[in-house]
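*Asks:* Read top to bottom, the protein sequences are chains A and B.
Sequential numbering from 1 applies to the first sequence in my numbering.
Sequential numbering from 1 applies to the second sequence in my numbering.
Hint data in this document are derived by calculation from the structure and do not stem from the laboratory.
Just so you know, these numbers come straight off a predicted model, no measurement behind them.
Be aware that one or more of the hints could be misleading.
[What the hints assert, rightly or not] Straight-line distance between alpha carbons at most 20 Å, and here's what the computed DMTMM-like set of lysine to aspartate or glutamate pairs gives: (1) A:K465 - A:D182; (2) A:K465 - A:E266; (3) A:K147 - B:D205; (4) A:K147 - B:D204; (5) A:K147 - A:D496; (6) A:K147 - A:D95.
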Amino acid sequence: MESQESRASGAQGVAEPPLRGLDRGTPPKPPSELVAWARWAWRRLTAMRTAVVLLILLASASVPGSLLPQRGVASDPSAVPIYYREHPDLAPWLDRLSLFDVYSAPWFAAIYVLLLTSMTGCVVPRCARLWREVRSAPPAAPRRLSKEDGYMSGEVDEAEDALEAAARHLRRRRFRVVRHGDEVRAAKGQVRELGNLAFHLSLLVLLVGVAGGRLFGYEGRVAVVEGSTFANVASSYDALTPAPWADLATLEPLEFTLESFAAEFETEGPRFGEPRGFEALVSYRSTEEGEGTFAVRPNRPLDIGGTKFFLTGHGYAPELTVRDGNGDVAASGPTIFLPVDQTFTSDGVVKVPDARPRSLALQGLFLPTGVEGPEGKGVSAFPGLVNPIVQLSAYTGDLGLDDGSPQSVFTLDFTDLDRLERNGEPWRASLAPGQTVRLPDGLGSVTFDGVSRFANFQVARDPGKEISLVAAILLLGGLTTSLAVRRRRVWVRRGDDGLLEMAGRSLSRRPLPPDELMMLAAAVGLSGGTDERRKGER
Amino acid sequence: MTQQLDLAGISDVLVTSALAVLSLALVLYAIAAALARTGPARGPRVLAPVGGVPRHADDKGRPARTTSGRATSTGRAALALVIMGTVLVCLAVLARGLAAGRAPWGNMYEFGLTGSAAVSVAFLLYLRGREVGGLAAWLVAVVLVLLGVSVTSLYTPVDDLVPVLNSRWLVVHVAAAILSGALFTVGAVATTAHLVRRRGGVSDDDPFADLAHSVHLVAFPIWTFAVIAGAVWAENAWGRYWGWDPKETWAFITWVLYAAHLHALSTAGWRRGASLLAVAGFLAFLFNFFGVNIWIPGLHSYAGV
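The shape of chain B in the complex, shown without the other chains (with noise of 0.2 Å):
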């Protein structure tokens, strides 16, 4: 028992060393920001160049000008913090699942734990190599707020589950979810960049969108996954593989806006709807989880707030 009692409290440690390391990113990449504003520019800093992407820009998506030394050697740190912050946050969720002898996906705050250290994972496998630095501010803001949140309103102690969560599908399903929901933010973080250069005049052919495409690609068929291992859980569970139970409902709600959003592309003339799709999608799956969880009565509502 003490020993349980010491990696939950390890998990808690982590955490909060984690939501330090990826404020002061947060700060950095501020500070990095003003630099590179500052810094002798030419003329005022505008957000997407008309006329399309530069083709070099440096690892805030902003060309790769005279931008000072000072501001790149920050934004590198800052990186090596959100490196810092995701291992930590990795450590966190081991220690977490450790104490509780099992996967740590069992109530809303171990969702969330997860959840922000897989959306921190992805965020940094695909922001490799693409020119959309500028994200990654936007990125880890997006991980300090969803792990604050599971921090200050979603804490439960390790405990055990409620039996009719105590299921082989628990892990298949949840993760599936987990991870495909970690993908959707990535995407919806980049498709909402993407809908502001538009706004600025950046074409079709925008890096930011290229990469929200490529990580709703696998996102999609994880999400579908994800839907399809918890009809096979509902039935036996519950003797029916699908009741239409509110959160049945929003995962399919999810599902459908998604693949509006990927058959949109493909149609003419609607790219811009497409994003917004994808944006709804996103949506649609945070009110999955936070509103249907809180608000809604149903099957799922042991979910345990």
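Okay, chain A solo, but in the shape it has when bound (with noise of 0.2 Å):
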């Protein structure tokens, strides 16, 4: 919607009332009433101006996304329960108004929706109206060519030659070209309202291809521990959000096991400890494409099938060994701490249900290069794995497991729990690799084997993900052409003095393509012309 014919009305939606339609077949009596209006609201809508308010809408109402925490926006799913927290009076009037889900709020849908309707309808009728001009030959020129873009006039020797040569040389330069009478007419650059058209119906297929990923797609997350494996079957996610209309029950067959998993980090400089490589190295069998390894990366997802894994994060799984008050193995393997700061300092817990002759639960930090803090508390100093440490505190007493409600892996739930003591202090230990701690009043022993990594995978399947594709190529390619090629017209006239006349004129904001009417005028061997251009009369 750029450009505009710079002689016609301003705003093109008006010009034409696209909603001819309605009226067809009914008697010509005025229109009803109703009819009158909607076709007042259709031309408002459809105006230019009404695409310009609404863009300026679409942007503003982007703006609170951008600054409220969001749910559903990868980087951080805690914040909005954590802003609820902060701002318990605030944050449920927020809720109302679905700021903290913009981007899939009714009233935003309403911008874009509205948006694009004004759009369609302006732009359609339009390439209607282009797609006439385009098959109709290219219109005469106008009385008084010195009033153009571009004027050009002088002597020629033979007038006849000389148009003749200007029709030539306008057709090799890819010109419509029609002689009729005493003047050459021109037209050149209707792609540009092609290129117009493309780009603003590419965004009717982007929404398409949007609408695909957020009907039928599905995403989710999954933590997998070194030597563990993943069956790519719901149940199996840590979290999963599919689409309405996703279909869970067929999700691609295949399963992976985590070989291995390296982290390098910096470990000299100003930026110290900073993440310098990932690599996860996994076997994966599927029955559409077989066996294999891969090495997942940043940026380097596996794919099988169209189903993508990638690796999002990683850390540290630590190896805890619980013998119980009578000396059986209750819970050993690895398991997951999540990261809680830069240096991997991490969290987690130990649920110890079966022990006899009381349940624990063992609440745990990890330090993969534990050293002395401030105030004598542990802290990581490096993300690699230096000097592990794991720092306990334990818990006897109801785990809350039984009772059917969803509960954390991450967390204790604290209600029947008793937090163990020696000496009426709360018991804590703290343990290298290989160490073992009694736990107070002969409940058991706790054994720090060793410490595993694990890998996050971010798994996404966007069925509409190549739809998108194919409009973004196509909005780059409709917006460039509709912005770079000058719509233009150029006229060559014979005077009934010898004089000849040559004049173009733009049709976009842009001015004419310099030179083009020197070189048009070198083409005819037109001799003292002079070059009056134009600048006004947009």
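From the two separate chains plus the hints, produce the assembled complex.
*Replies:* Okay, here's the thing in structure tokens:
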């Protein structure tokens, strides 16, 4: 919609009511009030200024989503609950206005649906008009050529030859040309309007692509510990957000094992501790693509039949063996601890409901490179495994696992738990790999066997992706064409007095290509021509 | 390693020299303006002559009249310094890239540095042959501010990239963002000048508005490409091509505002509004670079302050 026929009305959508279909077949009485009203509303909606207002609205409506925490935006899933806790009065009101889901809010959808409607209503009739124009011959020259955007005139020896030469020259330059009496009429750059149409329609295609993902796709997250295997069924995911019509029963049949995970960190300089490389080596088995191994890295997902596994994070899973009061192993193996800071200080819990005589729960802090911090507290100085330490406190009582209510594996429900104490002080232990500590009151012991790593995979399937890509390419191509091509008309006319006049008119806001008339003049052998370029008259 | 250190050091020295040279250019522009004003000119200087733009104007956007020859030659010397400063900044970018062994736009400092170079080059290319010489001093000032902020607040020593940035798309996506950003900057300065001149009575037909328009026509598709390339990269890195991350959101806002600007241009009687929209689009772009990186947590925050 960028360019306009310079001399036509500014608001193109208004020029021609596209609702003609409505009154087809109606008798020639004045249309009913409703029809008149609908027609008025449609004209308003498809006017260019409405589109501008809607664009401004769309931009403003997007702002709050970047300032307030959003649900379903990847960076921090707990941002909204945290905001609720910090602003208990304000948050429910913001939520009522969908301000935590701005981009799926009804009012946001209303703006872009109106915008797309307005745009379609504006562009399609315009292109229909253009199509008729393209099929008709270039229009006749205006009476006074000297008033056009570009104008040259001068004497030629043979006017007829000059007109022929002009037509030839313009044809060679891919103008559409007709000779009519004493004048040559030429037009070029209709492809601009085609680009304009492609650009605007591509936005509709994009909407289809986005909808495809929003309706049929799914996103999931899963943390896999070294040595363990992930099978692609819905129940294996830590979190799975399917679109309303996603078919989770037919997930791509595959499984993979995380063979090893490697992380490198900067070991010197001001960026000490910054990540430098991650690699998750997986072996996969799929009915469709057979077996194989693959190194998943950032920017290098594992792609099996369109289901992609992205490496989005990693952490440590300390291997703790818990023996209960009877000396039996009640829990063992790696437990995922979630990193809480840049140096991978990690939090985690081990629930041991089957320990006897009393069930146990451990809360731990894992330090990959444990050092003495301020106030004697242990902190991690480096994200790599240099001096792994696990610090534990222990609880006993009812873990709350039996009442059926869902519980996170990363937190404890403290309501019915008692902290273990020794000599009146809360019991704490700090273990290095290989060390064992006894729990108070003869409740058992804990051994820190070693450390595994885990990798976080983001899993995504978006069936609308390819459509969106096509739309994006169409959008870019259409936009570039519509902004780069100059639509213009050129006329050459023989005057009665032997004077040859030539003029050009730009149909977009951009001026005529410089030199176009000069080269035309040179081609027809116009001598002593004057170049008068006019810039106004827009 | 020593060679790397040398190149990084050379880059820093080049940046400092460029700052000095461009500051000197700014001083010369000021002197030229002062000379033109105190010269044997007619009456009080008006920024925008009422009744339209004079057909012929010198390189300071003012009527080519009897302004003193000294003013003209000072202006010419200033331009020479700007060219020299531009060459220095470009060399600094080159040295930085060689020192890092990758495209020199992996963090905010490098973005600012390369952006300064791009603005200078765009400025030199676009101001040639146009009657908008008065913009030169302003654009030099903008480049100085950008370069100065980069050196004083954003500076980071040459270093490797965090893994997620280590992608071919970094080169394409960020290069397009820098290029369109540089053009948006030139466009915004020209648009602001046009807005000021409108208050002085200049009509829509203003070489400053023409400059802004031709810059925006190139910048907008490049920005579109930058956003699309970013989406493709996001798909490859995070598994979704659009997630309303703050950076993506502000890129979208910038795009929509410039789209509104282009549409408003062809709406009768909205030319001033259109100019304001272009300025708003540029502010959104600036916020995306500074505000989002510094204040808003998001997936793009690793960009490194």
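*Asks:* Failing hints, ascending?
*Replies:* The structure conflicts with hints 1, 2, 6, although it agrees with all the remaining ones.
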